[in-house]
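Here is what each chain is made of, one letter per residue.
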Amino acid sequence: MHSSRRRWRHLRLWPPVRLTLELASITTLILLVVATPLAWWLARSKAMAKEIVATIVSLPMVLPPTVLGFYILIALGPDGPGGWIASLWGASTLAFTFTGLVIGSVIAALPTVVQPIRNAFQALGDRPLEAAATLRASPWQAFWRVALPLASPGFLSAAILGFSHTVGNFGVVLMIGGNIPGVTRVMSTAIFDYVETLRWGEANILAGGMVVFAFVVILSMILIEKRVAGSRV
Amino acid sequence: MNEANSIRAEFHNVLGKFTLDTTFEVPAKGVTALFGPSGCGKTTVLRCIAGLIRVKDGYFDIDGEIWQDRDRTFIPTYQRPLGYVFQEASLFPHLSVRHNLLFGAPPEKPRDRPAIDFDEVVDLLGIRPLLDRSPRNLSGGERQRVGIGRALLTQPKLLLMDEPLSALDRKTKGEILPFIEELRDHFSVPIFYITHDMAEIERLADNMVLLDKGHLVACGPLSELQSNPSLPLAVSREAGRISPLVFRSSADKGSSISNSFGCVSNARPMPTR
Chain A
587 MHSSRRRWRH
597 LRLWPPVRLT
607 LELASITTLI
617 LLVVATPLAW
627 WLARSKAMAK
637 EIVATIVSLP
647 MVLPPTVLGF
657 YILIALGPDG
667 PGGWIASLWG
677 ASTLAFTFTG
687 LVIGSVIAAL
697 PTVVQPIRNA
707 FQALGDRPLE
717 AAATLRASPW
727 QAFWRVALPL
737 ASPGFLSAAI
747 LGFSHTVGNF
757 GVVLMIGGNI
767 PGVTRVMSTA
777 IFDYVETLRW
787 GEANILAGGM
797 VVFAFVVILS
807 MILIEKRVAG
817 SRV
Chain B
69 MNEANSIRAE
79 FHNVLGKFTL
89 DTTFEVPAKG
99 VTALFGPSGC
109 GKTTVLRCIA
119 GLIRVKDGYF
129 DIDGEIWQDR
139 DRTFIPTYQR
149 PLGYVFQEAS
159 LFPHLSVRHN
169 LLFGAPPEKP
179 RDRPAIDFDE
189 VVDLLGIRPL
199 LDRSPRNLSG
209 GERQRVGIGR
219 ALLTQPKLLL
229 MDEPLSALDR
239 KTKGEILPFI
249 EELRDHFSVP
259 IFYITHDMAE
269 IERLADNMVL
279 LDKGHLVACG
289 PLSELQSNPS
299 LPLAVSREAG
309 RISPLVFRSS
319 ADKGSSISNS
329 FGCVSNARPM
339 PTR
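As they're listed, the protein sequences go chains A and B.
The first sequence: position 55 = 641 (the numbering used here), numbered continuously.
The second sequence: position 184 = 252 (the numbering used here), numbered continuously.
Derived by calculation from the structure, the hints in this document are not laboratory data.
Where a beta carbon is used, it is the ideal one built from N, C-alpha and C, also for glycine.
Covered by chain A, according to a simulated footprint, are these stretches of chain B (three or more residues, beta-carbon under 8 Å):
(1) 142-151
(2) 162-172
(3) 214-224
Kindly produce the complete structure, drawing on both the sequences and the hints.
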């Protein structure tokens, strides 16, 4: 009797965990694709406009999640661009959907991903790319064969940060997701829900899991940085 | 356009306080040393030739093949058949020595000139035992040998070397100089060699381009310039030491120094000591 209740409780916990992992994985993949050309441009361009763009990209770090969530909610809603996109498949809004959650998470985590990649590209300097150019590599080939592999530790940090930022996101997710079970209820909002309804046991398991996760993330970041520092020529 | 078997370079540019104003023509064979005190624009000229710097008023051709003609033609660096050896070897740390060497090697051998063979280069430079190692674990001299090999294996029509020995200690220098002599005698690639060490020039160079503050002072066969009493070469061992005393300010313009190639412009006589 007791053990079956425990199993039942764990099954209830699985959907938000699975949804969180799905959201964070998809968000991280999209972030790497979006942030790489952006970080490259920010690292290498001499245009004055780039610092303006860098500031806009960094805004989500400073704004309260509710402010960010509010604007994203409007943008995703029936009168915003999200509503227009949703109309392509006959829906009226992207708010309170998983797709909307992915878009919001990408915007919220963009600064944490762009920054380490930009730093990694900047740390390369011009020389490796000049050397590649004198070795017949076109700018495109030099990027893939030299810049990207040399900046790979930056990408690893960026991916870890983007993933964990998305897992830890609460405000934006609550504003635009609405905490719908199985659709937009992720771990962070599930914990909020369990506490509200005085289900301390479930809240404890999820919260404890998050603490372990955060510990592993930070430790792995430190170890990566140590390895990179040790391998510089 | 320029006749075969010679190299013609013209670069004119004002960049802040630094004025680059250099025109010279040298044979497209053997070693041509670019010599002058530090800050005289040797590296700038080499980077212009490589296309790493783009000056508007620039011209370069080798054997009639134009790499830059003012604004009309500018072939990007990666399409120029050149090899470049930097002061620090600048190897790619994420690749093994073997993959560094093969990084710029074309899949097909060039048809218009004798091919440079991988095994030949590896044996000549004595880097066979290093092939599977990472550049991180090489000494400075070993790295520079790999850097030279990597540049050669791109099958260049012109090899540019920017003070390849200056980052090395005297002993290592002495170890590498014979390799450079070897490759001068062994491969038919013309070499532009920057140095401020007269001893290196005496060992390696056939021709010399003498620069000061971005201006050409003289150019011609080494023996001819060394015996020219108006140039300080016979006495100086290190260009750095002679700079303020013997090199005249770039503002003066004298008459041309004539020599067998006929340096075209801005050559001016130098006072003797």
